[in-house]
Amino acid sequence: MNIDSIKNGLVIDHIRAGSAMRIYNLLGLDELDCTVAIIKNAQSAKLGRKDIIKIDTVTDIDLDVLGYVDPGITVNVIRGGELVEKKQLSLPERLENVLRCRNPRCITSAEPGLKQVFFLSDRAGKTYRCLYCEAKAEK
Amino acid sequence: MRNLIDIRELTTDEIASLLDTGDDIMAHPGDYRELCRYKKLATLFFEPSTRTRLSFEAAMYELGGQVLGFSEAASSSAAKGESVADTVRVVGCYADIIAMRHPKEGAPLVAAGVSPVPVINAGDGGHNHPTQTLTDLMTIRREKGGLGGFTIGLCGDLKFGRTVHSLISALARYDGVKFVLISPEELKLPSYVKNDVLRAGGCEFRQTAADLAEVIPELDVLYMTRVQRERFFNEEDYIRLRDSYILTPAKLINAKSDLTILHPLPRVNEISTEIDSDPRACYFRQALCGKYVRMALILKLLEVTK
Ligand SMILES: [Zn+2]
Numbered sequence: 001m002n003i004d005s006i007k008n009g010l011v012i013d014h015i016r017a018g019s020a021m022r023i024y025n026l027l028g029l030d031e032l033d034c035t036v037a038i039i040k041n042a043q044s045a046k047l048g049r050k051d052i053i054k055i056d057t058v059t060d061i062d063l064d065v066l067g068y069v070d071p072g073i074t075v076n077v078i079r080g081g082e083l084v085e086k087k088q089l090s091l092p093e094r095l096e097n098v099l100r101c102r103n104p105r106c107i108t109s110a111e112p113g114l115k116q117v118f119f120l121s122d123r124a125g126k127t128y129r130c131l132y133c134e135a136k137a138e139k
Numbered sequence: 001m002r003n004l005i006d007i008r009e010l011t012t013d014e015i016a017s018l019l020d021t022g023d024d025i026m027a028h029p030g031d032y033r034e035l036c037r038y039k040k041l042a043t044l045f046f047e048p049s050t051r052t053r054l055s056f057e058a059a060m061y062e063l064g065g066q067v068l069g070f071s072e073a074a075s076s077s078a079a080k081g082e083s084v085a086d087t088v089r090v091v092g093c094y095a096d097i098i099a100m101r102h103p104k105e106g107a108p109l110v111a112a113g114v115s116p117v118p119v120i121n122a123g124d125g126g127h128n129h130p131t132q133t134l135t136d137l138m139t140i141r142r143e144k145g146g147l148g149g150f151t152i153g154l155c156g157d158l159k160f161g162r163t164v165h166s167l168i169s170a171l172a173r174y175d176g177v178k179f180v181l182i183s184p185e186e187l188k189l190p191s192y193v194k195n196d197v198l199r200a201g202g203c204e205f206r207q208t209a210a211d212l213a214e215v216i217p218e219l220d221v222l223y224m225t226r227v228q229r230e231r232f233f234n235e236e237d238y239i240r241l242r243d244s245y246i247l248t249p250a251k252l253i254n255a256k257s258d259l260t261i262l263h264p265l266p267r268v269n270e271i272s273t274e275i276d277s278d279p280r281a282c283y284f285r286q287a288l289c290g291k292y293v294r295m296a297l298i299l300k301l302l303e304v305t306k
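Chains as they are written, first to last, in the numbering used here: chain A, 1 to 139; chain B, 1 to 306.
I should point out that these hints are in silico values taken from the structure, not numbers from a laboratory. All C-beta atoms, glycine included, are put in the ideal place defined by N, C-alpha and C.
In silico contact screen, one side only, chain A against chain B (beta carbon under 7 Å); selected entries: (1) 105; (2) 106; (3) 107; (4) 110; (5) 111; (6) 132; (7) 133.
Listed below are the simulated DSS-like cross-link pairs for lysine-lysine, each with C-alpha atoms no more than 25 Å apart in a straight line: (8) B/159 - A/136; (9) B/194 - A/136; (10) B/188 - A/136; (11) A/115 - B/80; (12) A/126 - B/194.
With the hints as extra help, turn the sequences into a complete structure.
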């Protein structure tokens, strides 16, 4: 894969420098068979330094979590070497295994094997609550 | 509707239909005596709550069904470290419906996610207790002739009292319910309930730390609550706050003649026993409603009709 230009795939750009690996993990990119390039500390006019992730071939990745982690990220969809879509990121309705519930009375504290699920309870206030106990996520 | 985990899952029509069935069972218990024959209710009580458990068990027996289960975690598989999900998958092989009480918030939701049979939340920590709310609604509707158009005073622990929070969110849907929130400063209703439920619902309400006798004349319903010892770090605070609002015959002097006095029970000393014989004391009739509305709920979830 040529890192500068992919024919088909996704370019996740303007990632805050240093957080590419977190995003790599959150998106489950380790499970992909295709080529994935992580570029660290690239020059950015906007951010000074930034990280970039390029994913070859695959475009159907659930990117919702990015809207929560860093709404400044941009996602470009590349087909036939052309930029065909810039995806708009918004806060996802649901976050799975992104946040941890800190409420000691929550069932997730007693059963660590449970999936951590948070739902968006107030979009304007960017408030997420635990699906199980409704405790607010700490920001 | 397949499970009941949170009272907010029910539409106003669904609530009305459950209360109608509850009223009908109360009026014609004989018509319902055989409806759940050969069906089994599992009461999975990971923490003891004798009152709630007996209410569920009585409900199932009166429908002609049978009951199995456990009444505390020590006598359950949880003591051996089994997950809620596994317990429910197994019990779902033996019972037709499950009523679960659990000290951890959200446990019944986990159960509902994997259970092959309907799950009823019989209380999850300080979180939800929807059958208590249905009980309260059925009692109020019977005593007042409807839901709406009355002033309800909620008194005591409004901060930690989960029954109060869910009753408020249920009543906020009805027209013309006015709320008077009576509590000491330390036990005031949390601001998220005031904002998300009362203000968002456009409900009329006011908060007061005044003496009960002062506000009682305007009330149509008075909902007393228990101040629970386990919510407090020190004994002095507990005792001071516990004794701050006690209903006595003297405080009732200026109350309306058709006031409805409710309490989720068990009481400690919030209501003087001298009041028990007053016709306005409805808390034991409330316990009776608890059984009938649970019968209605079991029928609904098992999709059994008369
Ligand atoms: Zn939680």
